[in-house]
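As given, the protein sequences belong to chains A and B, one line each in that order.
Letter by letter, the first sequence follows residues 1 to 166 in the working numbering.
Letter by letter, the second sequence follows residues 1001 to 1085 in the working numbering.
What the hints contain is simulated information worked out from the structure, not anything from laboratory work.
In this text the structure is predicted, and so the values were computed from the model without any measurement.
Careful: at least some of the hints might be erroneous.
As the list claims (entries may be wrong) - Distance windows between CB atoms, simulated:
| id | chain 1 | residue 1 | chain 2 | residue 2 | range |
| --- | --- | --- | --- | --- | --- |
| 1 | B | Ala1078 | A | Glu4 | 36 to 44 Å |
| 2 | B | Val1077 | A | Glu127 | 55 to 63 Å |
| 3 | B | Asn1054 | A | Glu102 | 44 to 52 Å |
| 4 | B | Gln1015 | A | Asn118 | 29 to 37 Å |
| 5 | A | Pro111 | B | Leu1041 | 18 to 26 Å |
| 6 | A | Glu88 | B | Gln1061 | 40 to 48 Å |
| 7 | A | Ala85 | B | Glu1028 | 23 to 31 Å |
Cβ coordinates follow ideal geometry from the N, Cα and C atoms, glycine included.
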Amino acid sequence: MLDELIADGFDYIICDSPAGIEKGAHLAMYFADRAIVVVNPEVSSVRDSDRILGLLASKTQRAANGHGGVQEHLLLTRYSPRRVAAGEMMSVDDVKEILGVEVIGVIPESPDVLSASNAGIPVILKEDSDAARAYEDAVARLLGESVPLRFLEEPKKGLLARLFGG
Amino acid sequence: MGLLALFRRTPSSAQVAKERLRIIVAQERGTRGGPDYLPLLRRELLEVIRRYVNVDPEAVQITVGREDGHEVLELTVALPEKKAG
């Protein structure tokens, strides 16, 4: 299957893995060169990500052949800068420190994600969406570009927005 | 957040989450792939400590964590409270 896709001329083949650490995840990761572990800044999610990282280091073809394992990236989703600032959510640095893996992108929590999913349209195609721009940045980084992380700070509110309880 | 955290007496829920994760992750890494000698190390340390202090077997926690790229072996011993008088 992968050979056919390569013969078709694809440079990148992205294999989505079902949520959870079961057969689907094993199948998706086995032939991988790189892995993007999608994680929410939440205890159970970070814990599961750590397990997956353990499996990536041991249960893949690259690991079995001694090719030094799979290149790992973290994609942090549902990130709320406001809650991070309030101490209610772990920060990018917290998650990075616990898992010890470089972060390829941080997607801010956004209603656009659910509405795009409802409509069956990839959120990245949506204009004027922070989440879409953050996904674009993550893709650029995956392709080797150096793009600074953004949407990590709460947007500054103007005086009027403050006055009117925005 | 930095300054606020200094004045805050109880840790924020994010800090609690991070601390919980540190423990969980270290324990899981300890049992998986990590050094096999940990349980034995724990038992022997406990024996030594018990020669001096009468601690509970559960009072000794050994975790292997990661900090700045180094592996850190952390040993925590909860000493029993001293009886009054």
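Each hint tested on the structure:
no., hint, in the structure
1, B:Ala1078 - A:Glu4: 36 to 44 Å, "violated, 59 Å"
2, B:Val1077 - A:Glu127: 55 to 63 Å, "holds, 58 Å"
3, B:Asn1054 - A:Glu102: 44 to 52 Å, "holds, 47 Å"
4, B:Gln1015 - A:Asn118: 29 to 37 Å, "holds, 35 Å"
5, A:Pro111 - B:Leu1041: 18 to 26 Å, "violated, 50 Å"
6, A:Glu88 - B:Gln1061: 40 to 48 Å, "violated, 28 Å"
7, A:Ala85 - B:Glu1028: 23 to 31 Å, "holds, 30 Å"
In summary, the numbered hints that this structure violates are 1, 5 and 6.
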